[in-house]
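S.K.: We have chain D; now place chain W onto it with these hints.
These protein sequences, in sequence, are chains D and W.
Quick note, the first sequence lines up with residues 1 to 614 if you use the numbering used here.
Quick note, the second sequence lines up with residues 1 to 337 if you use the numbering used here.
One should not assume that every hint holds.
[Stated by the list, open to error] DMTMM-like, lysine to aspartate or glutamate: derived pairs with alpha carbons at most 25 Å apart:
1. D:Lys416 to W:Glu335
2. W:Lys236 to W:Glu254
3. D:Lys11 to D:Glu532
4. D:Lys561 to D:Asp498
5. W:Lys337 to D:Asp498
6. D:Lys421 to W:Glu254
7. W:Lys337 to D:Asp384
8. D:Lys427 to W:Asp326
These are computed hints drawn from the structure, not numbers from a lab.
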Amino acid sequence: MSEQTEVIDKKNIVIRFSGDSGDGMQLTGQQFSDAAALFGNGVSTFPDYPAEIRAPQGTVGGVSGFQVHIGDDAVKTPGDYADVLVAMNPAALKANLRWAKKGATIIVNLDAFNDKNIEKAGYKENPLEDSLLQDYNVVPVRITHLTEETLKDSGLDQKSIVKCKNMFALGMIFWMFDRTTEHTEKFINTKFAKKPAVAAANVKVLEAGFNYAANVHALAVHFNVAPAHIEKGRYRTITGNKATAWGFMAAAEKAGLPLFCGSYPITPATDILHELALRRDLGVKTYQAEDEIAGICTSIGASYVGNLAITTTSGPGLALKSEAAGLAVMAELPLVIVDVQRGGPSTGLPTKTEQADLLQALYGRNGESPMPVIAASTPGNCFDYAFRAAKIAVEHMTPVVLLTDGYLGNGAQPWKIPSMKDLPEIKPNFAKEGEDYKPYARDPETFVRKWALPGTKGLEHRIGGLEKVNVTGEISYVPENHQIMVDLRAAKVAKIADSIPEQEIFGSQDGGDLLVVGWGGTYGHLYSVVRELREEGKDVSLAHFNYINPLPKNTEAVFAKFKRILVCELNLGQFAAYLRSKFPHFTYEQYNKVAGLPFTVVELKEKITELLAR
Amino acid sequence: MAEKYTPKDFKSDQEVRWCPGCGDHGIINSVQKALAELGYPKESWAIISGIGCSSRFPYYMSTYGFHTIHGRAAAISSGAKTANPKVNILQISGDGDALAIGGNHFIHAIRRNIDITTLVFNNEIYGLTKGQYSPTTKLGTKTKTSPYGTIETPFNPGELVIGAQGRFFARSLDINVNLTAEAIEAGVRHKGMAVVEILQNCVIFADGAHSLITDKEMKEERQLILEHGKPMIFGKNRDKGLILDKTGKLKVVEIGKDGITEDDILVHDAHCENPSMHWMLVHMKAPEYPVALGVIRDVEGVTYNDALDAQIESVKASSKIHCMEDLLNSGDVWEVK
Numbered sequence: 001m002s003e004q005t006e007v008i009d010k011k012n013i014v015i016r017f018s019g020d021s022g023d024g025m026q027l028t029g030q031q032f033s034d035a036a037a038l039f040g041n042g043v044s045t046f047p048d049y050p051a052e053i054r055a056p057q058g059t060v061g062g063v064s065g066f067q068v069h070i071g072d073d074a075v076k077t078p079g080d081y082a083d084v085l086v087a088m089n090p091a092a093l094k095a096n097l098r099w100a101k102k103g104a105t106i107i108v109n110l111d112a113f114n115d116k117n118i119e120k121a122g123y124k125e126n127p128l129e130d131s132l133l134q135d136y137n138v139v140p141v142r143i144t145h146l147t148e149e150t151l152k153d154s155g156l157d158q159k160s161i162v163k164c165k166n167m168f169a170l171g172m173i174f175w176m177f178d179r180t181t182e183h184t185e186k187f188i189n190t191k192f193a194k195k196p197a198v199a200a201a202n203v204k205v206l207e208a209g210f211n212y213a214a215n216v217h218a219l220a221v222h223f224n225v226a227p228a229h230i231e232k233g234r235y236r237t238i239t240g241n242k243a244t245a246w247g248f249m250a251a252a253e254k255a256g257l258p259l260f261c262g263s264y265p266i267t268p269a270t271d272i273l274h275e276l277a278l279r280r281d282l283g284v285k286t287y288q289a290e291d292e293i294a295g296i297c298t299s300i301g302a303s304y305v306g307n308l309a310i311t312t313t314s315g316p317g318l319a320l321k322s323e324a325a326g327l328a329v330m331a332e333l334p335l336v337i338v339d340v341q342r343g344g345p346s347t348g349l350p351t352k353t354e355q356a357d358l359l360q361a362l363y364g365r366n367g368e369s370p371m372p373v374i375a376a377s378t379p380g381n382c383f384d385y386a387f388r389a390a391k392i393a394v395e396h397m398t399p400v401v402l403l404t405d406g407y408l409g410n411g412a413q414p415w416k417i418p419s420m421k422d423l424p425e426i427k428p429n430f431a432k433e434g435e436d437y438k439p440y441a442r443d444p445e446t447f448v449r450k451w452a453l454p455g456t457k458g459l460e461h462r463i464g465g466l467e468k469v470n471v472t473g474e475i476s477y478v479p480e481n482h483q484i485m486v487d488l489r490a491a492k493v494a495k496i497a498d499s500i501p502e503q504e505i506f507g508s509q510d511g512g513d514l515l516v517v518g519w520g521g522t523y524g525h526l527y528s529v530v531r532e533l534r535e536e537g538k539d540v541s542l543a544h545f546n547y548i549n550p551l552p553k554n555t556e557a558v559f560a561k562f563k564r565i566l567v568c569e570l571n572l573g574q575f576a577a578y579l580r581s582k583f584p585h586f587t588y589e590q591y592n593k594v595a596g597l598p599f600t601v602v603e604l605k606e607k608i609t610e611l612l613a614r
Numbered sequence: 001m002a003e004k005y006t007p008k009d010f011k012s013d014q015e016v017r018w019c020p021g022c023g024d025h026g027i028i029n030s031v032q033k034a035l036a037e038l039g040y041p042k043e044s045w046a047i048i049s050g051i052g053c054s055s056r057f058p059y060y061m062s063t064y065g066f067h068t069i070h071g072r073a074a075a076i077s078s079g080a081k082t083a084n085p086k087v088n089i090l091q092i093s094g095d096g097d098a099l100a101i102g103g104n105h106f107i108h109a110i111r112r113n114i115d116i117t118t119l120v121f122n123n124e125i126y127g128l129t130k131g132q133y134s135p136t137t138k139l140g141t142k143t144k145t146s147p148y149g150t151i152e153t154p155f156n157p158g159e160l161v162i163g164a165q166g167r168f169f170a171r172s173l174d175i176n177v178n179l180t181a182e183a184i185e186a187g188v189r190h191k192g193m194a195v196v197e198i199l200q201n202c203v204i205f206a207d208g209a210h211s212l213i214t215d216k217e218m219k220e221e222r223q224l225i226l227e228h229g230k231p232m233i234f235g236k237n238r239d240k241g242l243i244l245d246k247t248g249k250l251k252v253v254e255i256g257k258d259g260i261t262e263d264d265i266l267v268h269d270a271h272c273e274n275p276s277m278h279w280m281l282v283h284m285k286a287p288e289y290p291v292a293l294g295v296i297r298d299v300e301g302v303t304y305n306d307a308l309d310a311q312i313e314s315v316k317a318s319s320k321i322h323c324m325e326d327l328l329n330s331g332d333v334w335e336v337k
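Extracted from the complex, chain D is given alone in its bound form (with noise of 0.2 Å):
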């Protein structure tokens, strides 16, 4: 290391990788990710990339992204601002120079920086030539020309040689935060096993980025960031999508049930599908139907004969879910409906996350068509809330609507691996051969029907979407019928409280003076700025909700316990219009953004600082 190199410690650190959508950021963000997991770190990230498949290159519509946060503590968020951006070309200069902090390190690659580029990202003059950047530490570098000329010898073709020059950047990056390059070397290899060739080349300017970072003196810093205070066990890296797909598995097998996934493809949802459709090995059948209607209706034909089903959607898919949604509750059919929420209304912002399909989950149908509604809080966990909302679905013979969102799906994190004898029962209450069978008798305390599956001798029996007698399921038009059987579905799915956790507090347990209100994605974000007011001496405490039909029990209690109560989501109010409609006696401040990016920790702590100096 160069004498003139400065070493500097940092708690945390926020890396944004830049580029053309063919550039590779996502795999080399994923790939600094992972080597720091594996350091030990405290590790979050967020992919930021075009709805466009192949955006016009050199364009700002074009770029994508990868933030990496990386720290010695529990990381709870991608972070907010960048300390190091990378840039291949002029357009990831003007579409992410927002993000990085002032006296962010800038790499940039100096080939990318043509005319012809300069003018495609929209820029009148070359940026790196004004004073734009005089409050940044830019670093240029001929990126495209040094992995040229480190693999010239290779025999590789032009294309494929400035194909590896991603990793030329990696390499750098693994330099400036003392890290090897041996994981990624082991990735590469297993990724190109077939094409020894190609490899070869991409490990070489690996190092050649590292060895160029170190000789060079160019990059002024080096950071350090200590491991963190990790929970012991196995880890793995995980997204938001995959750990709902996985954790459907698990319920399925704790359950014994088959699963059954239909579902039309839609971003931010597809990956659940992808995972579960890999998985025929263990006998998961996925259905890609003609559309979203043909994706809930087959997952309640599976649910009828008495597999796991579930579907999965985002908000536009769920508005044309909403009918085939009420006959599942008419019917009390066990199904889950995954809404991976995006930017709405309408297509919206496909890529973009939001919480803005809340009240649509809880109300979106004809009817009075009570549905409980569940959301997860961290990639991780939602394998914790998939295997809850099948666990619901199955035990109280209901529809439940999942709720995640773009950033939690596609976001990642190291994520400690559960074993499997750790995770509940599932009961299926299934009716048997013999028993004398009323499709809509009840259990007294839950009022849970059982559940006859065809094939059964003796059971044969009707059900439908037309209003039923309780007990027999007989057709019925009966006025005080229907007020009964009205009154029942929601008793039923407010039962479902009794069997939930009780909400829990972040900060001071016997009240205080604030207490911040969230639900689901911004947990990370939420749960950052309350902890560092606190540490600054605020009384600021924080209920974070996964559960939102029911809510837990002792939610009055919660909120009863605060003189001021400030709910934080990212829509216009939906969770504070829901929660004035169940308990109206308190005051519901609000703090919303509907921007089709999470909050972050500096304007929520702005906003929360402004609020207690009131």
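M.R.: For chain W alone, coordinates are given in the frame of chain D:
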């Protein structure tokens, strides 16, 4: 394994509420007859319907039954059969349910060749909503929503089935209980998606929609009841038949006239993979041609549900992942000590 049933064994205790004279009464008799003949265990049947007059069907049967939502019975049946291929599924839809709101699911269930039997009760009208035209209503027909006559070309369900690469299509008449029962039996026995169109009379809103072919005086002249391996002969005196003319079109001829003998008459081959002849038969309209009834196309193929089960078995056999614990601990995993 076949059990002894009578049609009565398939009747439920519910009062049948179709209008007096409705063609559905005949159809339910045919279904109960067919199911008794087939002898599959009663509990193996699930009758799944959409919405419409015909879709009340499951309530009147003593099997498992699911009365679902408008247009979606094909999708729900597809999911049920895929999830548990042991269940025998009879899907009941009307012309509106199957071909208008449910058109997308109908063609895709056919394309996938899922092993279900679909009965399309075609009365060329929306009955339950009291008389609006449907996708099969003849051009120019006056209904409540077409008081000056429709201006839409109707679907011919059989053409749609063949267009969607269907492998089984039969057509029958509500009043011909035996023919309908035989068509249903053949459809159930066919491995794969089977569509049986039943021309049904709505006495209230479209009475006589099929009278051109059901008319007592003319029916023998206007109905060609097809049987595999038999010549395509029809008529009161069994003296008419079909041949291909020089231009490749079907032509009605009289046996014994212009030197035509029975040997010249086309022989029905329901099992022919090439659907050209089946399409021509499906396309025939009265009074220019007789209307083709019976099993028109019956060609075995690989079903979706069998293909999926086979794929699962083959992937299982070669995979290292046998349970969730294997999956959770596969790939890039590290230990924090």
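S.K.: Broken hints, numbered, in rising order?
M.R.: 5, 6
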